[in-house]
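> Sequence:
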Amino acid sequence: MKEQKHNVDVFSQDVTDGGSYAYTRDRLSSVLANRRITDAFAEIYPLSGKRLLDLGCGDGTYSLELVSLGADFVLGIDPSEAAVTAATGKATQTRLLDKIRFQTGNIYNLSLDERFDCIVLRGVLHHLPDAGVALRAVAPLADNILLMEPNGTNPVVKIIEKTSQYHIEHEEQSFLHSTVRRWLHEAGFNYLSIKFVNFVPFFCPDWMARLLKFVEPVVESLPFIRNICCGQYIIFSSKR
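Quick note on numbering: numbering that gives the first Met the number 0 labels position 26 of the sequence shown as 25, and the sequence is numbered without any gaps.
Everything labelled a hint here was simulated from the structure, so no lab data went into it. Be aware that a few hints might be false.
[Unchecked claim] Derived pair list, reagent style SDA-like, types lysine to any residue, alpha-carbon separation capped at 25 Å:
| # | residue 1 | residue 2 |
| --- | --- | --- |
| 1 | 194 | 42 |
| 2 | 98 | 111 |
| 3 | 238 | 31 |
| 4 | 98 | 154 |
| 5 | 194 | 164 |
| 6 | 157 | 64 |
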């Protein structure tokens, strides 16, 4: 079984100190970037009526969004006990415990008796010590995988990973989408579609977020430009 990385403790401390992850707080850039990712998920894969396994669910913010988009049931799993406690608290407040459940777990060693329509991995692979092994480990649990990762062909993303104290502490990295597609293939999945999204960086000033959001639709519509300039890509795959 793979050992969890040090960043699990760092994320746990984030939740303990602030009640949530920095990515899910109410800063304008984070709100806009997260909303775009959520909308793109719904565009790529019809969530209505589906049973979803949300791995690396964190503080539960994104899991609850899946329910709001029509998912019939969501099981969120995260290695951080502090994050799972926060997520369960959010579900209790929103009275969604009949549609969602959270528990701690190691992605490399999940003992689940149930299967799901789709596994959701929202910004998870780039935090793992061996993402390819993780995908092979969870492959028996569903016939579909919907994942989002930082865009490894965006030079700004690469610079931020190497220079931002936050990204260094949280052991952030990014992969070429071809690398993730290879891992999916090795896990028994066929790549079906990819979508490059977001021109608004997390944690940027509000004025910049508004400006970049205005031009975002144009950037996302240009084939070569979006591959370089968008902050994330979303991949949907199904079993072969």
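> All hints, please: hold or fail.
Each hint, compared with the structure:
1. The straight-line distance between the Cα atoms of residue 194 and residue 42 is roughly 10 Å, inside the 25 Å bound, and the hint therefore holds.
2. Restraint check for residue 98 and residue 111: the C-alpha separation of about 17 Å stays at or below 25 Å, so the hint holds.
3. Our distance criterion of 25 Å between C-alpha atoms is broken by residue 238 and residue 31, whose separation comes to about 32 Å.
4. A distance of roughly 40 Å separates the Cα atoms of residue 98 and residue 154; the hinted pair therefore is violated under the 25 Å criterion.
5. Straight-line distance between C-alpha atoms of residue 194 and residue 164 comes to about 29 Å, which puts the hinted pair past the 25 Å bound.
6. Taken as a hint, the residue 157 and residue 64 pair is broken in the structure, with Cα atoms around 28 Å apart against an allowance of 25 Å.
The structure fails to meet hints 3, 4, 5 and 6 from the earlier list, while all remaining hints are met.
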